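Undergrad: This is what each chain is made of:
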Amino acid sequence: MLNAQMVMYEEELSEIQEIADQLQQDSRARTILIVDKNGQMIANAGAGSDLDTTSLSSLVAGNVAATGGIAKLIEEEEFTGQFHEGKDISVHMTLVARRIILVVLFDKGTTHGLVRLRVKKASEALSDVFDRLAVKQASTPQPDLFAEITDADIDNLFND
Amino acid sequence: MSFINYSAREINCKLVYYGPGLCGKTTNLQFIYNKTRPDAKGKMISLATETERTLFFDFLPLSLGEIRGFKTRFHLYTVPGQVFYDASRKLILKGVDGVCFVADSQLERMEANIESLDNLRFNLQEQGYELDKLPYVVQYNKRDLPNAVPVEELREVLNPTGVPDYEACAVTGEGVFDTLKALAKQVLTELRKGQ
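Protein chains in written order, with the numbering used here: chain A, 1 to 160; chain B, 1 to 195.
Hints are computed from structural coordinates only; laboratory data are not their basis.
Be aware that one or more of the hints could be misleading.
Computed beta-carbon distance windows for the label pairs [said to hold, decoys possible]: (1) Gly65(B) / Asp88(A): 32 to 40 Å; (2) Pro150(B) / Val135(A): 48 to 56 Å; (3) Ile70(A) / Val83(B): 19 to 27 Å; (4) Lys136(A) / Gln127(B): 20 to 28 Å; (5) Glu76(A) / Glu111(B): 34 to 42 Å.
A quick note: this is a predicted structure, and the numbers were derived from the prediction, not measured.
Every residue gets a Cβ at the ideal spot worked out from N, C-alpha and C, and that includes glycine.
Please model the entire structure based on the sequences and the hints provided.
TA: Structure (structure tokens):
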């Protein structure tokens, strides 16, 4: 059995982006990342080009997976929130709808309390979008993108 | 679990290198990292112990180019090979699209290979996958060593289902890209079938 893949469409992505932008403003955070549980970044707000979001997403997902493993061992359903406190920058991570990780990087310009408060609201909004996305993905036939891919197309990828 | 982003026109897939401790999983990734153009790769991350044994995973994002206007991105992961890190190995298999089993060709590692392969099958089953239905390749690594078991023998024990297999020497890079290409190709073919 293969896991269901995630498909993202223009419309939902722009909604997700809006939520991320709004959260960044409301919480006065530096950066917001929205990452799927397998470590793929879906959207971000406020990430400068100096921030390696690919690595960050993969590590965040590893971290959340490890914490999930701990939860299972001690028979806790799941830890929905995690907080790493740094001298200058802190990280708040929340599991949304069991498959998305909402990451907030923030500094002294805001407080953990404000971040948590705003994250709660954003989580609900995100949860709603991803629920709708799952329904849409299940009911929309995928464009014939993959049917059109030929063996030659795949081989061409490897011709350096 | 592949992630298809119609908005950004990207296909993202996760490949996992599995195998017994010290078989060369990290070395495979290091070679790929060193030989890939800077614009096609991200940073390689290794979560390792002080003695450079993998503690959680290595991670290497690769971008292979476009296919019908979609960027193909592969996230390569290794698992920690040491037996007692089993809990971590299970986590890394979550959402996998394709597996490469790296076998250590040395005679004295035969038992470790078999144990690791059984462990791979078992851990996949726990996640609801079946190894025989996943894109899957086998690599016989360390072919350059004098105590390497003949490939026919390795194949009989470690590849009974006859999936694509490759001889390799990950330190010099021989066979490393052949293995990766074969796996990536299977993953993309599987995506096409799945539609």
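Undergrad: Decide, hint by hint, whether the structure agrees.
TA: To see whether the hints hold, each was checked on the structure:
For the pair Gly65(B) and Asp88(A), the supplied restraint of 32 to 40 Å holds, since their beta-carbon distance comes to about 39 Å. Remark: the range hint 48 to 56 Å for Pro150(B) to Val135(A) is upheld by a beta-carbon distance near 54 Å. Here the CB-CB span from Ile70(A) to Val83(B) is close to 20 Å, well matched to the stated 19 to 27 Å. Separation of Lys136(A) from Gln127(B) is about 26 Å and conforms to the stated range, judged on CB atoms against 20 to 28 Å.
The beta-carbon spacing between Glu76(A) and Glu111(B), approximately 37 Å, falls within the hinted interval of 34 to 42 Å.
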